[in-house]
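Chains as they are written, first to last, in this note's numbering: chain G, 14 to 265; chain L, 14 to 265.
Among the hints, a few may not be true.
The list cannot tell twin chains apart, which means a pair is met if one copy fits it or any two copies do.
Straight-line alpha carbon distances no greater than 25 angstroms define the calculated BS3-like cross-link-like pairs of lysine-lysine that follow [to be verified]:
1. K185 / K167
2. K74 / K151
3. K201 / K262
4. K167 / K262
5. K167 / K103
Hint data in this document are derived by calculation from the structure and do not stem from the laboratory. Just so you know, these numbers come straight off a predicted model, no measurement behind them.
There are 2 protein chains.
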Amino acid sequence: MNNRPLILITNDDSIHAPGLRKLIEIMRPIGDVAVIASEQIMSGMGHAVTTKSPLMPRLVKEEPGYKEYITNGTPADNVKLGKHALLERKPDLIVSGINHGSNAAINIIYSGTMAAALEGAIDGIPSIGFSLDDFSPKADFSHVDSFVDIITRKVLQEGLPEGVCLNVNIPKISDQPVKGIKTVRQAKARWVEEFEKRADPYGRTYYWMGGVFQNGDPRSDTDEKALSENYVAVVPVQVDFTALSMLDKIKF
Amino acid sequence: MNNRPLILITNDDSIHAPGLRKLIEIMRPIGDVAVIASEQIMSGMGHAVTTKSPLMPRLVKEEPGYKEYITNGTPADNVKLGKHALLERKPDLIVSGINHGSNAAINIIYSGTMAAALEGAIDGIPSIGFSLDDFSPKADFSHVDSFVDIITRKVLQEGLPEGVCLNVNIPKISDQPVKGIKTVRQAKARWVEEFEKRADPYGRTYYWMGGVFQNGDPRSDTDEKALSENYVAVVPVQVDFTALSMLDKIKF
Numbered sequence: 014m015n016n017r018p019l020i021l022i023t024n025d026d027s028i029h030a031p032g033l034r035k036l037i038e039i040m041r042p043i044g045d046v047a048v049i050a051s052e053q054i055m056s057g058m059g060h061a062v063t064t065k066s067p068l069m070p071r072l073v074k075e076e077p078g079y080k081e082y083i084t085n086g087t088p089a090d091n092v093k094l095g096k097h098a099l100l101e102r103k104p105d106l107i108v109s110g111i112n113h114g115s116n117a118a119i120n121i122i123y124s125g126t127m128a129a130a131l132e133g134a135i136d137g138i139p140s141i142g143f144s145l146d147d148f149s150p151k152a153d154f155s156h157v158d159s160f161v162d163i164i165t166r167k168v169l170q171e172g173l174p175e176g177v178c179l180n181v182n183i184p185k186i187s188d189q190p191v192k193g194i195k196t197v198r199q200a201k202a203r204w205v206e207e208f209e210k211r212a213d214p215y216g217r218t219y220y221w222m223g224g225v226f227q228n229g230d231p232r233s234d235t236d237e238k239a240l241s242e243n244y245v246a247v248v249p250v251q252v253d254f255t256a257l258s259m260l261d262k263i264k265f
Numbered sequence: 014m015n016n017r018p019l020i021l022i023t024n025d026d027s028i029h030a031p032g033l034r035k036l037i038e039i040m041r042p043i044g045d046v047a048v049i050a051s052e053q054i055m056s057g058m059g060h061a062v063t064t065k066s067p068l069m070p071r072l073v074k075e076e077p078g079y080k081e082y083i084t085n086g087t088p089a090d091n092v093k094l095g096k097h098a099l100l101e102r103k104p105d106l107i108v109s110g111i112n113h114g115s116n117a118a119i120n121i122i123y124s125g126t127m128a129a130a131l132e133g134a135i136d137g138i139p140s141i142g143f144s145l146d147d148f149s150p151k152a153d154f155s156h157v158d159s160f161v162d163i164i165t166r167k168v169l170q171e172g173l174p175e176g177v178c179l180n181v182n183i184p185k186i187s188d189q190p191v192k193g194i195k196t197v198r199q200a201k202a203r204w205v206e207e208f209e210k211r212a213d214p215y216g217r218t219y220y221w222m223g224g225v226f227q228n229g230d231p232r233s234d235t236d237e238k239a240l241s242e243n244y245v246a247v248v249p250v251q252v253d254f255t256a257l258s259m260l261d262k263i264k265f
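With the hints as constraints, model all of the structure from the sequences given.
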């Protein structure tokens, strides 16, 4: 009998991303691993799911304690496929990432990486989204191992409440060592000046989404603040959107 | 000078949806209207945004106090286009829908309709997502007018805090009149048994996402409960995902 935990790994930067390979490398000593990741880049797909066309996962690698599937789905699709179609049993843990780029503050809402973790939380599976504060496809992940390992083992051991998962953001590598791990809240920040306007060869106007990220949140206990001080930022996040403080203020 | 409020309307069922036309009909007496909606159906797109390809909105209709744009974007894209590219001033209100199908409970997380409203809330624009508890493309919207009107005028008058919008779900038409409007919380419910497995003509396995919606939330103050009792369910929802109750429980 196999007592090793079953870990489902996905991401939104595609099956080819270095961040995914790093996460697989860290998880394999911890448990049996099933990777279910998209062929295409799914950054910015949020919690999109595929209902207009079918999903066709392909098993591309199999070793003892390891399976790797490539799919045409989104990160949320991939978790659903794992939970309900491909895995022989419910995974003990879902980890997503390591994303190339921060998913701190409002970025969580656009993030396929975090959608995968939230999708796990919906079914009460302990889930973690890991992101590195470096958008480069060639980002350096060499400093992340111990932090990812510590957080993963803690969640495996202690679990998480149903409907809650972790949004973990790791500072970009620098000449200063990361100072540690802080549990913090989502900063109130947003993107401004979001479009670049161009004309095509036929004179038609089109727009590229872009923008500048602005953090105007002065609080000391946010993910943005922790990252800026070279800490790993851990935000417990939930699938319940209710603004509880407003419940008794909106009267009909 | 024009003192009428500027209302941005979008949805996720495409510019051709009867639910969108109903919303436009209700909004035009209330303010100046700009419709920015997708050519394609965007149901289940969650908070996806388009960064891999450009957006090309087309102005397809213009009358005094009314503009209609068709786009190749997602609902979140359409709100961003409105806020930052197409509209001459910041809208006073964003309304999204009326969705063909409930966005109560966990459906909010997959919903393009609600992504549009949440995108408005990020920038502090009072925003409302309206949905009818009837998935049919031919859904009957004839009983919704007064409820949509009341909720809209209340939000225009009183505003909403930055980062908060409303998720409004309206019961399907029946032989009983809707009883009224209740402010409630998001029910804890989920989809189960989510895939139908098939083989293509070449023997390859593929999957259609499906499933059964299960509400196991016994609380009396949820959106599902209100809908089941024939009330319009209004849930104030927020863009802050932080699970506050867990902040002091996850220690490193």
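Against the structure, the hints come out as follows:
no. : hint        : verdict
1   : K185 / K167 : within (23 angstroms within a copy, 46 angstroms between copies)
2   : K74 / K151  : within (24 angstroms within a copy, 46 angstroms between copies)
3   : K201 / K262 : both (22 angstroms within a copy, 22 angstroms between copies)
4   : K167 / K262 : between (39 angstroms within a copy, 12 angstroms between copies)
5   : K167 / K103 : within (19 angstroms within a copy, 46 angstroms between copies)
Taken one by one, the earlier hints all hold for this structure without exception.
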